[in-house]
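Chemist: If you want the building blocks of each chain, they are given just below.
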Amino acid sequence: DAMVIQNPRYQVTQFGKPVTLSCSQTLNHNVMYWYQQKSSQAPKLLFHYYDKDFNNEADTPDNFQSRRPNTSFCFLDIRSPGLGDAAMYLCATSRRLSGTGDEKLFFGSGTQLSVL
Amino acid sequence: DQQVKQNSPSLSVQEGRISILNCDYTNSMFDYFLWYKKYPAEGPTFLISISSIKDKNEDGRFTVFLNKSAKHLSLHIVPSQPGDSAVYFCAASAYNQGGKLIFGQGTELSVKP
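Line by line, the protein sequences are chains A and B.
Position one of the first sequence corresponds to residue 3 (the working numbering), numbered consecutively onward.
Position one of the second sequence corresponds to residue 29 (the working numbering), numbered consecutively onward.
Honestly, the hints are just simulated from the structure, not real lab data.
Don't take every hint at face value.
[Said to hold, decoys possible] 30 Å max Cα-Cα, derived DSS-like pairs, lysine-lysine:
#1 A:Lys46 <-> B:Lys65
#2 B:Lys82 <-> A:Lys106
#3 B:Lys65 <-> B:Lys99
#4 A:Lys106 <-> B:Lys96
#5 A:Lys19 <-> B:Lys33
#6 B:Lys82 <-> B:Lys99
#7 B:Lys128 <-> B:Lys33
#8 A:Lys19 <-> B:Lys140
#9 B:Lys96 <-> B:Lys65
#10 B:Lys84 <-> B:Lys140
#11 A:Lys19 <-> B:Lys99
#12 B:Lys82 <-> A:Lys46
#13 B:Lys33 <-> B:Lys99
#14 A:Lys54 <-> B:Lys99
#15 B:Lys128 <-> A:Lys106
#16 B:Lys82 <-> B:Lys33
#17 B:Lys96 <-> A:Lys46
#18 A:Lys54 <-> B:Lys84
#19 B:Lys65 <-> A:Lys106
#20 A:Lys40 <-> B:Lys99
#21 B:Lys128 <-> B:Lys140
#22 A:Lys106 <-> B:Lys99
#23 B:Lys140 <-> B:Lys33
#24 B:Lys84 <-> B:Lys65
#25 A:Lys106 <-> A:Lys40
#26 A:Lys54 <-> B:Lys96
#27 B:Lys65 <-> B:Lys140
#28 B:Lys140 <-> A:Lys54
#29 B:Lys128 <-> B:Lys82
#30 A:Lys19 <-> B:Lys65
#31 A:Lys106 <-> B:Lys84
#32 B:Lys65 <-> B:Lys128
#33 B:Lys82 <-> A:Lys54
#34 B:Lys99 <-> A:Lys46
Here chain A stands alone, though its shape is the one from the complex (with noise of 0.2 Å):
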């Protein structure tokens, strides 16, 4: 009944080759996150939907785009990865934003980037 999946667990792509990395989730949640988490380092935000509203971070480079067709689905696009993209990425989900109040975040498993 695992309720924020992802795919695959691990993806290995070739430096500059386009990857997607793919979320689903089962919980009707409005709002889907996609963070980064390198080795030994705290996960840090790259972008959430609120609904069908894209909110990037500042800091997010322009190489990762994101896009959601519906309510259940999520995807991560990662144009040109470089050899500093290899980490783990792990979609999350929550009714509200984080922050109202204590809404808490569903993770999903993480999908491991290796970047050759």
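Using the hints provided, position chain B relative to the given structure of chain A.
Modeler: Positioned in the frame of chain A, the structure of chain B alone reads:
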């Protein structure tokens, strides 16, 4: 500029004893604090939270303490169990700053039998 810091990358505790995980923050506008727990090969899961209007919140073996003047919070686990071995992330948000959740780097807790 790291707004939420967990200065101890790892902590080792004997089963049955208390585990204390610490977190410091710099943004005085933070008004909600949360702890997440992460097992290997899984995503983080919510553990416990505290509002800035409180100084303590307890849930079973887990208690979070908030010291606003020191901009410090801590998570106490009593008694610690081997199943508590995981990475613990502290996170904070400020409602009037968009509510974005800012995470610390995590502390890996190991509870030894």
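Chemist: Does each hint fit the structure? Answer for all of them.
Modeler: Each hint tested on the structure:
Restraint check for lysine 46 (chain A) and lysine 65 (chain B): the C-alpha separation of about 16 Å stays at or below 30 Å, so the hint holds. With a C-alpha separation of about 18 Å, the suggested pairing of lysine 82 (chain B) with lysine 106 (chain A) holds against the 30 Å cut-off. For the hint pairing lysine 65 (chain B) with lysine 99 (chain B), the CA-to-CA distance comes to about 21 Å; that is within 30 Å, so the pair holds. A threshold of 30 Å between alpha carbons decides the hint, and for lysine 106 (chain A) with lysine 96 (chain B) the separation of about 22 Å falls inside it, so the pair holds.
Taking the CA atoms of lysine 19 (chain A) and lysine 33 (chain B), the gap is about 35 Å. The hint is violated against a cut of 30 Å. Distance restraint check for lysine 82 (chain B) and lysine 99 (chain B): the Cα-Cα separation of roughly 13 Å lies within the 30 Å cut-off, and the hinted pair is therefore satisfied. Restraint check for lysine 128 (chain B) and lysine 33 (chain B): the C-alpha separation of about 16 Å stays at or below 30 Å, so the hint holds. A hinted pair counts as satisfied when its Cα atoms are at most 30 Å apart, and lysine 19 (chain A) with lysine 140 (chain B) does not qualify at roughly 44 Å.
Distance hint between lysine 96 (chain B) and lysine 65 (chain B) is fulfilled; the C-alpha atoms sit about 23 Å from each other, no more than 30 Å. Between lysine 84 (chain B) and lysine 140 (chain B) the CA atoms are separated by roughly 27 Å; this keeps the pair inside 30 Å, and the hint holds. Distance check on the hinted pair: lysine 19 (chain A) and lysine 99 (chain B) sit about 44 Å apart at the alpha-carbon level, beyond 30 Å; violated. Distance hint between lysine 82 (chain B) and lysine 46 (chain A) is fulfilled; the C-alpha atoms sit about 27 Å from each other, no more than 30 Å.
Taken as a hint, the lysine 33 (chain B) and lysine 99 (chain B) pair is honoured in the structure, with Cα atoms around 11 Å apart against an allowance of 30 Å. Distance restraint check for lysine 54 (chain A) and lysine 99 (chain B): the Cα-Cα separation of roughly 36 Å exceeds the 30 Å cut-off, and the hinted pair is therefore not satisfied. Between the alpha carbons of lysine 128 (chain B) and lysine 106 (chain A) the distance comes to roughly 12 Å, so the proposed pair stays at or under 30 Å and holds. For the proposed pair lysine 82 (chain B) and lysine 33 (chain B), the alpha carbon gap of about 21 Å is at most 30 Å, so the pair holds.
With a C-alpha separation of about 24 Å, the suggested pair lysine 96 (chain B) and lysine 46 (chain A) falls inside the 30 Å cut-off, and the hint holds. Among the hinted pairs, lysine 54 (chain A) with lysine 84 (chain B) is inconsistent with the structure: their alpha-carbon atoms are about 37 Å apart, more than 30 Å. For the given pair, lysine 65 (chain B) sits about 13 Å from lysine 106 (chain A) by alpha-carbon distance, which is consistent with the 30 Å threshold. Distance restraint check for lysine 40 (chain A) and lysine 99 (chain B): the Cα-Cα separation of roughly 26 Å lies within the 30 Å cut-off, and the hinted pair is therefore satisfied.
A distance of roughly 35 Å separates the Cα atoms of lysine 128 (chain B) and lysine 140 (chain B); the hinted pair therefore is violated under the 30 Å criterion. With a CA separation close to 22 Å, the supplied pair lysine 106 (chain A) and lysine 99 (chain B) stays within the 30 Å bound. A C-alpha spacing of about 25 Å is found between lysine 140 (chain B) and lysine 33 (chain B), which places the hinted pair at or below 30 Å, so the restraint holds. Under the criterion of a C-alpha separation no larger than 30 Å, the hint pairing lysine 84 (chain B) with lysine 65 (chain B) is consistent with the structure, at around 19 Å.
Simply put, lysine 106 (chain A) and lysine 40 (chain A) have alpha-carbon atoms about 22 Å apart, close enough for the 30 Å limit, and the pair holds. For the suggested pair lysine 54 (chain A) and lysine 96 (chain B), the alpha carbons sit about 36 Å apart, so the restraint of at most 30 Å is broken. Note on lysine 65 (chain B) and lysine 140 (chain B): the hinted pairing holds, with a Cα-Cα distance of about 18 Å set against a maximum of 30 Å. Restraint check for lysine 140 (chain B) and lysine 54 (chain A): the C-alpha separation of about 47 Å exceeds 30 Å, so the hint is violated.
Taking the CA atoms of lysine 128 (chain B) and lysine 82 (chain B), the gap is about 21 Å. The hint holds against a cut of 30 Å. Proposed proximity of lysine 19 (chain A) and lysine 65 (chain B) is contradicted: the alpha carbons are some 34 Å apart, above 30 Å. Using a Cα cut-off of 30 Å, the hinted pair lysine 106 (chain A) and lysine 84 (chain B) holds, with the two alpha carbons roughly 18 Å apart. Between lysine 65 (chain B) and lysine 128 (chain B) the CA atoms are separated by roughly 19 Å; this keeps the pair inside 30 Å, and the hint holds.
The hinted pair formed by lysine 82 (chain B) and lysine 54 (chain A) fails the criterion: a straight-line CA distance of about 35 Å is larger than 30 Å. Annotation: proposed proximity of lysine 99 (chain B) to lysine 46 (chain A) holds, straight-line Cα distance about 21 Å (limit 30 Å).
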